[in-house]
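A.B. asks: Sequences listed follow chains A and B, in order. In terms of my numbering, the first sequence opens at residue 1 and continues consecutively. In terms of my numbering, the second sequence opens at residue 1 and continues consecutively.
These are computed hints drawn from the structure, not numbers from a lab. Quick caveat, the model's predicted, so the values are computed rather than measured. A couple of the hints might just be wrong.
[Said to hold, decoys possible] Using 20 angstroms as the maximum straight-line C-alpha spacing, the simulated PhoX-like pairs for lysine-lysine come out as follows:
| # | chain 1 | residue 1 | chain 2 | residue 2 |
| --- | --- | --- | --- | --- |
| 1 | A | K75 | A | K27 |
| 2 | B | K90 | A | K27 |
| 3 | B | K90 | A | K75 |
| 4 | A | K113 | A | K27 |
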Amino acid sequence: METLVYICLAFLLVFCVMAVTSRSILKSAIYLAVASATLGVIFYLMAARWAAVVEVSACSGLVTVIFISAISLSKERKDDIHKKYDDEKRMRFLPHLLIIGGIVLIAAALFIKGFRVPDSTAPAAEDFREIFWNTRQADIFGQIITILIGGIAVSVLFRDSKENGDKG
Amino acid sequence: MTAINLETVMLIIGFLMILAGCYCLIRTYHMLKIIIGIEVAMKAVTLFLILAGYVNGHIGLAQAYVITAIVLEVIAAVICAGVTIGLYKKYGNMDIRNLTRLKG
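Please put together the full structure from these sequences, using the hints given.
C.D. replies: Next comes the structure, spelled out in structure tokens:
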């Protein structure tokens, strides 16, 4: 199982870096979705099954749909995007930075004792549903309020843009 | 010097993901790319939360936090996408520098 987690972690980092450095914004959104799916697999292998389901359905599904709809609403020419934002040139130091950061972190993990994360202990016999519904009730209220605020904010934003379009 | 365990590798990968996300936030002007940078950094944070639960043995509590974090992440992405579309309709591009010209 550990080998699979290592492979998934490598894929996760690679797809995240590709999402950040890709020239096309559509490809970035798709790489981000793949990274989310990989993270979902990691959660599942770490016995966090509910978090895996939410990660795959919400982050890999819903966020990708939002990104692609936002991209499809804009009609910027593909050739112009690279010239205008110059992302490839601006992001060219990221691989070097990641390699240096990775070497520093690995050296820290090897030589600094406090940096190392201890091995996992045996999981406590606790039920996720019990915790979520009984212990963390305030979180559920917060989530409901956040979703309502998000819905209201999006409806206001779209209404404003429609009015602007009508005036224009 | 001992071999690095799986949990430490996860910590290192998470730090590198946060680095990539923050670099994207600093260097790009495309608003959707900025949201992608935030998402990448948030993924590392959710990985850290699950890792903490995995190490302590309280994976159920960690999942409750992660689900809350994911809901907030999705709402933030939706609102930012709405702002991006508004920006595009107003100025014809998704350049974040245009936001400094907004009034009221």
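A.B. asks: Next, verify each hint and record whether it holds.
C.D. replies: Structure-based check of each hint:
1. A:K75 x A:K27: holds (16 angstroms)
2. B:K90 x A:K27: Violated: B:K90 and A:K27 sit about 25 angstroms apart, past 20 angstroms.
3. B:K90 x A:K75: Holds. B:K90 to A:K75 sits at ~13 angstroms (cutoff 20 angstroms).
4. A:K113 x A:K27: violated (40 angstroms)
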